[in-house]
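What follows is each chain in one-letter form.
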Amino acid sequence: MISIGRSLVLSEHNRSAWQDPAVNGSAVKRGLVPRNYASHPAGSYEGAVRAVDLRPIPAAEWPDRLRDLRASGALLSQIRAAGKDGRMIPSTDQNGRGYCWYHSGVSCCLLVRARDGQPFSDLSAYAGACKIKGFRDEGGWGAQGVDFMRKYGTPTSQFWPQRSTSRAHDNESTWADALKYRVDEGWIDLDSSQYNRNLAWSQVVTCLLSGHPVVCDYNWWGHSVCGMDLVDGQRAFADSRLANGKRPTAKEFEAVWDMSDHVTGGYGIRIWNSWGDSWSENGEGVLPPSRSVPDGSVAIRTMVSAD
Amino acid sequence: MKLLIAILTAALTFGQLLAEGPRFPEIEQQVDVAPAPPVEPQYQRLNVGQYYVIASDFPMLVLDDGSGIVSVSVRTSPFMLPSRLAPGWRPQPEDPEFTVWPDRHIVALRAVRDGSTRIAVLPAVCVLDSDGSQKPITRSDVQHRLLLVGANDPDPPAPKPPSPPSPDLSGNPFGEGSPPSMMIVYESETVKDLPLGQYATIHGRAFRAFLEQRLPKQYRMYDQHVVFRDTASIWAKAMSRKDRKSLPWLYVGSGPSGLSIPLPESHEKAIEAVSKVVK
Numbered sequence: 015m016i017s018i019g020r021s022l023v024l025s026e027h028n029r030s031a032w033q034d035p036a037v038n039g040s041a042v043k044r045g046l047v048p049r050n051y052a053s054h055p056a057g058s059y060e061g062a063v064r065a066v067d068l069r070p071i072p073a074a075e076w077p078d079r080l081r082d083l084r085a086s087g088a089l090l091s092q093i094r095a096a097g098k099d100g101r102m103i104p105s106t107d108q109n110g111r112g113y114c115w116y117h118s119g120v121s122c123c124l125l126v127r128a129r130d131g132q133p134f135s136d137l138s139a140y141a142g143a144c145k146i147k148g149f150r151d152e153g154g155w156g157a158q159g160v161d162f163m164r165k166y167g168t169p170t171s172q173f174w175p176q177r178s179t180s181r182a183h184d185n186e187s188t189w190a191d192a193l194k195y196r197v198d199e200g201w202i203d204l205d206s207s208q209y210n211r212n213l214a215w216s217q218v219v220t221c222l223l224s225g226h227p228v229v230c231d232y233n234w235w236g237h238s239v240c241g242m243d244l245v246d247g248q249r250a251f252a253d254s255r256l257a258n259g260k261r262p263t264a265k266e267f268e269a270v271w272d273m274s275d276h277v278t279g280g281y282g283i284r285i286w287n288s289w290g291d292s293w294s295e296n297g298e299g300v301l302p303p304s305r306s307v308p309d310g311s312v313a314i315r316t317m318v319s320a321d
Numbered sequence: 026m027k028l029l030i031a032i033l034t035a036a037l038t039f040g041q042l043l044a045e046g047p048r049f050p051e052i053e054q055q056v057d058v059a060p061a062p063p064v065e066p067q068y069q070r071l072n073v074g075q076y077y078v079i080a081s082d083f084p085m086l087v088l089d090d091g092s093g094i095v096s097v098s099v100r101t102s103p104f105m106l107p108s109r110l111a112p113g114w115r116p117q118p119e120d121p122e123f124t125v126w127p128d129r130h131i132v133a134l135r136a137v138r139d140g141s142t143r144i145a146v147l148p149a150v151c152v153l154d155s156d157g158s159q160k161p162i163t164r165s166d167v168q169h170r171l172l173l174v175g176a177n178d179p180d181p182p183a184p185k186p187p188s189p190p191s192p193d194l195s196g197n198p199f200g201e202g203s204p205p206s207m208m209i210v211y212e213s214e215t216v217k218d219l220p221l222g223q224y225a226t227i228h229g230r231a232f233r234a235f236l237e238q239r240l241p242k243q244y245r246m247y248d249q250h251v252v253f254r255d256t257a258s259i260w261a262k263a264m265s266r267k268d269r270k271s272l273p274w275l276y277v278g279s280g281p282s283g284l285s286i287p288l289p290e291s292h293e294k295a296i297e298a299v300s301k302v303v304k
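Residue numbers (the numbering used here), protein chains in the order written: chain A, 15 to 321; chain B, 26 to 304.
I should point out that these hints are in silico values taken from the structure, not numbers from a laboratory.
For every residue, glycine included, the Cβ atom is placed at its ideal position computed from N, Cα and C.
Hints may be right or wrong, so weigh each one.
[Stated by the list, open to error] Residues of chain B clear of chain A, computed beta-carbon distances all greater than 10 Å:
| no. | residue |
| --- | --- |
| 1 | Pro50 |
| 2 | Leu88 |
| 3 | Pro112 |
| 4 | Gln117 |
| 5 | Arg129 |
| 6 | Glu201 |
| 7 | Glu290 |
| 8 | Val302 |
[Stated by the list, open to error] Straight line, CA to CA, 30 Å or less: simulated DSS-like cross-link-like pairs of lysine-lysine:
| no. | chain 1 | residue 1 | chain 2 | residue 2 |
| --- | --- | --- | --- | --- |
| 9 | B | Lys262 | A | Lys165 |
| 10 | B | Lys267 | A | Lys194 |
| 11 | A | Lys147 | A | Lys194 |
| 12 | A | Lys147 | A | Lys165 |
| 13 | A | Lys194 | B | Lys217 |
| 14 | A | Lys98 | B | Lys301 |
| 15 | A | Lys194 | B | Lys242 |
| 16 | A | Lys194 | B | Lys262 |
| 17 | A | Lys98 | A | Lys145 |
| 18 | B | Lys301 | B | Lys217 |
| 19 | B | Lys217 | A | Lys165 |
| 20 | B | Lys242 | A | Lys165 |
| 21 | B | Lys270 | B | Lys294 |
| 22 | A | Lys98 | B | Lys262 |
| 23 | A | Lys98 | B | Lys242 |
| 24 | A | Lys98 | B | Lys304 |
[Unchecked claim] Example chain B residues on the side facing chain A (calculated, C-beta under 7 Å, incomplete):
| no. | residue |
| --- | --- |
| 25 | Val216 |
| 26 | Ala225 |
| 27 | Gly229 |
| 28 | Arg230 |
| 29 | Trp260 |
Please construct the entire structure, taking both the sequences and the accompanying hints into account.
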């Protein structure tokens, strides 16, 4: 088992830590359902065209940009670390319901608001997920949640307490509050019919290197999470540790991190999960290159100014 | 002209075609572009990123003039777009934020850059005469449209109104009664193209830590198109100013004094600028 810092690197060697682990003594749930293209064809989502306009950052620039962002403290994980009045923004917690696909978008909203200097607000992901699913415990996909966030927003826990499934909160004042926390623009729907996987990956990377968090759906995990940072293999190797605290050999590291992965260029993604802060390191984990390319992705660019 | 989509064939009569030909966006404003023949085609204004959608139950060919002003793509049915990206079409009544085209054949032209371009729409069907020979397409079967993207305007330029007085750049951009505040206005779409020094000022730790100490909760870094829930807020007030000559731009205000300048090239200089106003 290898970690970067204290963040889990998700691999076959530690499947029990991310497949269906118990966090704080309770079984966690995921909840990704692959996107239904019949009901949501390419072009369905707001901002679909923006993907075309998003000129990818050339791969040759990735290492330098990543190094510069890290050095200047401009990575999204670094913004999260001080995003709540100088303290770390807490992780969302889907608490055993299959609402990962909405929590991943809310995590992105929290990051965008922190990036923009907007004060922390405790957004309640259950509100939108309950509304979309008629209060049933059902899976969905990331863009489905973000589409709702763009139309109606997400209320704070003052109006819809965290993890509440009570219909009593579904009222006018809740949704008036939610409009203050509405997603305004994003690069949504990468128009997959026109792009191959490589280009989609480069757009995801470009978003992450531009300070735009990405909702990442992973079919292999059956899970949707918030993509925060690009992680380069060299740096990951330098920061990695085995379970016994020792540094892994190059061979041990390569067993979980394919540096020559031709799709990702050997880059992984730091993700922000929705299983609370107890999972991995403050709720963050690292996906190695072979697991990083999302099967569905939506980037959130701007949110409404709440004040 | 550049051939952009494949020709599909079907056995049809021209009568059918004329009765159920392609549907175009409704033109909001129609003027005579030229007073004499040849008659100029109808035109539609678009902004970059918007779509000109043509929908038909019969196959069609869409040809553009190869200028690259628009990109043409065939879409599968049902096709859906946010209504604001499809001017001239009626949104679906149950969800006005979206427009849906159920037609069998859909061609979407996306405005890529400013300019004007002409398109021609032809029926892509094979109509046979009594001998079984294909009838040639005539001029009347072809429909033309002119698409104007961005600031292009076929109308003669109107006389310029007298210039409004220059905005007052002195004083607090947020209003004198506001708490000490700072706002950076930038374009999030192109933020990746900024020099590192400016990028690090907008997103980086050092400037943010300074602001957190000096102006707790009274600083923002906003995209120039951000939507304000409270249009009377100090942030909206500063954003509505017309004095930004470039992006990113820095506003700082405290009491009666203020600053409205291009964002300095490094976070050190930005800290210096803010410190001049916020003691």
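Looking back at the hints listed earlier, which ones does the structure fail to meet? Hint check: nothing fails, all pass.
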